[in-house]
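Enquirer: Going down the list, the protein sequences come from chains A and B.
Here the UniProt record's numbering is used: position 207 in the first sequence is 207, and no number is missing along the way.
Here the UniProt record's numbering is used: position 247 in the second sequence is 247, and no number is missing along the way.
In case anyone wonders, no lab produced these hints; they're calculated from the structure.
On a predicted model such as this, the values are computed, not experimentally measured, just so you know.
Mixed in with the good hints, there may be bad ones.
As the list claims (entries may be wrong) - Some chain B residues well away from chain A (every beta-carbon gap over 10 Å; in silico):
id, residue
1, LEU7
2, ASN109
3, LYS262
To be verified - Estimated spans, in silico, between C-beta atoms of each pair:
id, chain 1, residue 1, chain 2, residue 2, range
4, A, ASP141, B, THR213, 49 to 57 Å
5, A, VAL264, B, LEU188, 49 to 57 Å
6, B, ALA342, A, SER195, 26 to 34 Å
7, B, PRO172, A, ASN161, 46 to 54 Å
8, B, LEU108, A, GLU101, 53 to 61 Å
9, A, LYS18, B, ILE81, 38 to 46 Å
10, B, THR255, A, HIS225, 51 to 59 Å
11, B, PRO172, A, SER195, 38 to 46 Å
12, B, VAL326, A, GLU101, 54 to 62 Å
13, A, SER195, B, ALA121, 24 to 32 Å
14, B, THR213, A, LYS18, 42 to 50 Å
15, A, GLN3, B, THR255, 32 to 40 Å
16, A, ASN161, B, PRO111, 38 to 46 Å
Even for Gly, the Cβ is constructed at its ideal location relative to N, Cα and C.
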Amino acid sequence: MSQEVKISIRNLYKIFGKEPDVALEYVRRGMGKAELLERQNHVLGLRDINIDIREGDITVIMGLSGSGKSTLIRHLNRLIEPTAGEIRVDGRDVLALNEAELRQLRRETMSMVFQKFALLPHRTVLENAGMAMDVRGRKLDDYEQEARRWLARVGLEGQENQYPHQLSGGMQQRVGIARALVSNAPIMLLDEAFSALDPLIRSDMQDLLLELQAELKKTIVFITHDLDEALKLADHLVILKDGEVVQQGDPQHILLNPGDPYIVDFIADINRARVLRVRSVMTTEFDPDAPYAGDLAESDNLETVLARSGGDTARVFRVVRDGRQVGALAMTDLTRALVPTAASGHRHT
Amino acid sequence: MATYDFLFSSLGLEDWCSEGKSTAPMSMAQLLARARGDEADAPGSVWDLPFPSMDALNEACPAFPQSRELTKGLEEGFLNIKDSLSVVLDPITQPLSWFLDGALYVMLNTPWWLVMPLLLAVVYLVTRSWRLVGFVALSVLLLAFIDHYDYAMQTLAIIFVCAFLCVLLGVPIGIAMSRSDLMQRLTLPVLDMLQTLPPFVYLIPLIFLFSVTESKLYGIAIILYAIVPVIRLTDLGIRLVDKDVIEAADAFGMTPRQKLFKVQIPLALPNIMAGVNQTIMMSLAMVVIASLVSAPGLGVLVLRGIRNLELGVGLVSGLGIVILAVILDRVTKASLNRINAAQKP
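Extracted from the complex, chain B is given alone in its bound form (with noise of 0.2 Å):
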């Protein structure tokens, strides 16, 4: 006997209950207790009055299903749709593995002193600053001399083609929310699910999707991630442009399309630059979770450390994503600066 029985019996759904079994597999919980033989729950006092929960009616009535067959129902439909899915995504997600791979291989095998020069150009190309491109070089020279160049090339050639794959889709995205209230209250909740799912939670339907083996997999998983910033701060960085600037936009007779490219994104550069550096930043965040799901770098290293309870491996692999992280921001950060220096209102 089972406490929801009443409630089954007043509905008149007996002949239904007793026709049905669940399909449910047997829990944890159910097997310990039928090991020890005391399946026949007393009805007891109040106190024990279970919550009218799914297992709960389950037990009254054995028609009803458990709360176990939702998350499998959901496991069979996701497993169900997932090929056709698979027919569709797989073509368009392929340029992306493309992509990391082309990246992970120009950087492995382009020697070091070439590499080297290149990124300190680049880092003063949109820095101007020589203090800056010092502090690189010692960076780098620093994560060289301790054999660590390798892993921290990989990490950056991933976070350089997912920021810029990031900004590529982010900006138009933002752009168009600025545009249509109605564009920006459906995205919203999707930028807001996407940024509080914990990294851990999508890995797992893209595992399903992709191969571990397909570099792609972690591309989307670094994409889906870092993407909200730049949206969220080109569409606020758009909506706050002054009101009295578009109106002499419009006042000149300007169409959407210039005041679009000559007034707003302009304007807006400082708001999407903020994007960048902080989608930038998540990206190297993200990178060291997806070694999990197999992105080479230093994430590996930091895996290593965790799963052999190698310490030290951890820790100067650790010190290697710390010194990343600094230089990226310190780059990107100086060359806002410039721009807001540029356009100060």
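Same shape as in the complex, but just chain A (with noise of 0.2 Å):
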């Protein structure tokens, strides 16, 4: 796939403290995270961060706390400064932007959705979604449509007057996506959207989430501390830990090569034939006449591979996608897939 790059970010670094480009310095020529915050007292954010967000896709972001990505992404629409580098949103240098601009971009180009929900209490559900067009000093009237509109798009017709405590944190965050996708901005941001919802209904919501996305076709950067929701929603996964990129790609590849033993750390406890699709690990060589057991789709995981060999690992299926054949399957490939990686030792990116 290749979309056009949206978000470009280069080179970007973030210190806190009070001297930061004195202490850039001193990160510019190797200096870690833990050493400068004892010699200079400074605390390391960011380090020569290099991202490039596609249009259309969805980028997740992941990383312990601490790993900077909640800055990272306060960094897209500069709810926090960069003490060095460059970011581009649809090749424009948003660091450039004077305040106007700025704020023309974050009405127009990008929405956000927060992890704590950050409604605003002393208003309607449908007030609330409506929140971007009011900032635009649209009238209630204007916008309402649009806004009971997304808001039945994401479950909540009939609640728009309510107000937000009257709401579970599920409905509160459906509350939340739907006043990001009513400013109808390209660029929605989700910073860690559903950390704070139950497994449950987290995963109704990354449902929701993909069910959208493969309708609005926006481009999505999303925060998250959990793998396996970054599996399910990722078309680009970015590893962060300390501030770094520690690897970022496809994260079928990521999982078929980690290229860093924190990484290796990371996907252990994964299951492996429920996260890797078929066309991670099938063969583009194949003999289109052989005898094939059967025939796949490209995205089906291996779980349900597994479940149609009735565990005969001789098979080899057909990979078809529109009626042809693109690859081919052979269980014994699917058996290696399945065996856990070790650090390949040098890094994909």
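With the hints as a guide, bring both chains together as one complex.
Expert: Here it is in structure tokens:
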């Protein structure tokens, strides 16, 4: 898939403290996070981040707490100012924008969903959903229909006149998502949007997001600390540790070729059969006339293939896209893919 | 011979000392001492060593100012700038007199059968509670029955005007404080001073500045005393607004102005209203004290009770003040609760 780069982040640094520019020099010369804190009393937020976020993709930035993922997403709409580096949205340098242009960008190009929902408690669900329109100076009559439509789309029909505190957490976050959708911005930033929700509701919300994304094709940047969530949603996965990108790329690829012991640890507990898909393990060199045990889609996960094989490792399946064969998958390859990988030593980007 | 002669002689200041003569008026203690004729105080033991205060040093060196000159100097300084100060302050504060006189006139000249229902309607509008309306009705009827209606209405009129002006001035000041740490650092000591100065103390310069016949005199005293909580709680309320919501407002591109009016003030409203409640209660406290400087109302009766030792008058009017206080407190608290219920976090 070769969509256009929507947001490009180049050599981004963020250092928190009194004299970040001085500390930046130390960091550029290779001082680590712990040393910087101890010697210079500055906190290293982000170090040399380079990410291309492609249009229409869900880019998931994953890391444990303190890895700088929330700091990173706040740089995209400059809620946090970087210490050094470059951020371009549609080729436009975000850091060069003046106050009015920045507001314009926040109003029309980016919308955001927050971990703690951050709804206005004194406004109704309907008014909250229309917040982006209200900010642009539009009247309620004007955007009411739009807001109602999106509220219904996220499953909140009939709740328009309630106040946020009358809703459950999951429903409040649905309002948060509707609010982001009503703004009609092409880029959506989701900052640990589902982390505060119960596991079941979280899974529902992930499905809702995927469903909306299939329809709307927005550019989504999703922050999470949950690997399962990351693997479920990501088209492009970026793994952060201590403010640095450890590895980024297709999540399937990362799973099969982890570039760092840290990631190996991370993915050790994952149910590989459920996450890996046929397209990542199939071979594209195949004999079209060989006897195949059946047809698979590229997006099938290995768990379904296992179930279909009935445990017979001798079988070979045909992989089909639009009625045409694009690959073959031997059960032996599948079994090999399920063996947890050790770190391959070098870095894949 | 005085105790600290040696100090001035060792500094070589004898000439300067002998030239000067303190111009301070003689203190009562000095007069008494002179009358008794024991002016020459013998240099006693170390036990009697006086602290080297201004007065003690003055004994050794007449050119050194006495402490009484400090207060006198202050007084003269104030009197000197008083006229120019009045030129500036008089026009600025004149509307306050008009407001107060107007409110008192309207309250007293509107017939009771119009004022009472109006008052109850206001109570219902802000509280939506029939129980409170009933309570207020009973209280006002009781006050009217014992012929304290006019006094109570005067007190209420003054409180309404002063509390309204406190909110009008205090909320913007509080907002300014919440937006700038420098402003907060500068304002807080002033607020601390206003809150700790005994109210009688700032009545004194006010009496010098304005005539006692002007209603703005007590108006200013009440406002100075009562404005503090609304300022403090506005500042606090806005600073306490959930950081996440502020961030969301920023992320959706609100201008600072939109943020203030659409997010910060509405979310700070419970705190601001708590400040208004306190301001109203403090206005009531001050309006009683301000009867010393001709504020009309129940305070006048209290003052009469004290001056003439009319126990009954004092007690009944005191009870009237308590009733007013309870009414004002309940009504503002009820409206505060309505706001709180509308926006749980």
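Enquirer: Do the beta carbons of PRO172 (chain B) and SER195 (chain A) sit within 38 to 46 Å of each other?
Expert: Taking Cβ atoms as reference, PRO172 (chain B) and SER195 (chain A) lie about 40 Å apart, which means the hint holds.
Enquirer: Just to be sure I understand the hint, the distance between the Cβ atoms of VAL326 (chain B) and GLU101 (chain A) should be within 54 to 62 Å; is that true here?
Expert: holds (56 Å)
Enquirer: Falls inside 24 to 32 Å, the C-beta gap from SER195 (chain A) to ALA121 (chain B)?
Expert: violated (50 Å)
Enquirer: Could you tell me whether the CB distance from THR255 (chain B) to HIS225 (chain A) stays inside 51 to 59 Å?
Expert: The hinted range 51 to 59 Å is violated for THR255 (chain B) and HIS225 (chain A), with Cβ atoms some 33 Å apart.
Enquirer: Within 26 to 34 Å: is that where the Cβ-Cβ distance between ALA342 (chain B) and SER195 (chain A) falls?
Expert: holds (29 Å)
Enquirer: Against chain A, does LYS262 (chain B) keep a CB gap of more than 10 Å to every residue?
Expert: violated (7 Å)
Enquirer: Is the hinted range of 38 to 46 Å satisfied by the C-beta distance from ASN161 (chain A) to PRO111 (chain B)?
Expert: holds (43 Å)
Enquirer: Between the beta carbons of LEU108 (chain B) and GLU101 (chain A), is the distance compatible with 53 to 61 Å?
Expert: Holds - the Cβ-Cβ distance for LEU108 (chain B) and GLU101 (chain A), about 60 Å, lies within 53 to 61 Å.
Enquirer: Against the range 49 to 57 Å, how does the distance between the Cβ atoms of VAL264 (chain A) and LEU188 (chain B) compare: consistent or not?
Expert: With a Cβ separation near 56 Å, VAL264 (chain A) and LEU188 (chain B) satisfy 49 to 57 Å, so the hint holds.
Enquirer: Take the C-beta atom of LYS18 (chain A) and the C-beta atom of ILE81 (chain B), compute their distance, and say whether it sits inside 38 to 46 Å.
Expert: With Cβ atoms ~45 Å apart, the hint holds.
Enquirer: Okay, THR213 (chain B) versus LYS18 (chain A) on CB: inside 42 to 50 Å?
Expert: Roughly 59 Å apart at Cβ, these two residues miss the hinted range, so it is violated.
Enquirer: Take the C-beta atom of ASP141 (chain A) and the C-beta atom of THR213 (chain B), compute their distance, and say whether it sits inside 49 to 57 Å.
Expert: holds (56 Å)
Hint compliance for this structure: hints 3, 7, 10, 13 and 14 are broken, all remaining hints hold.
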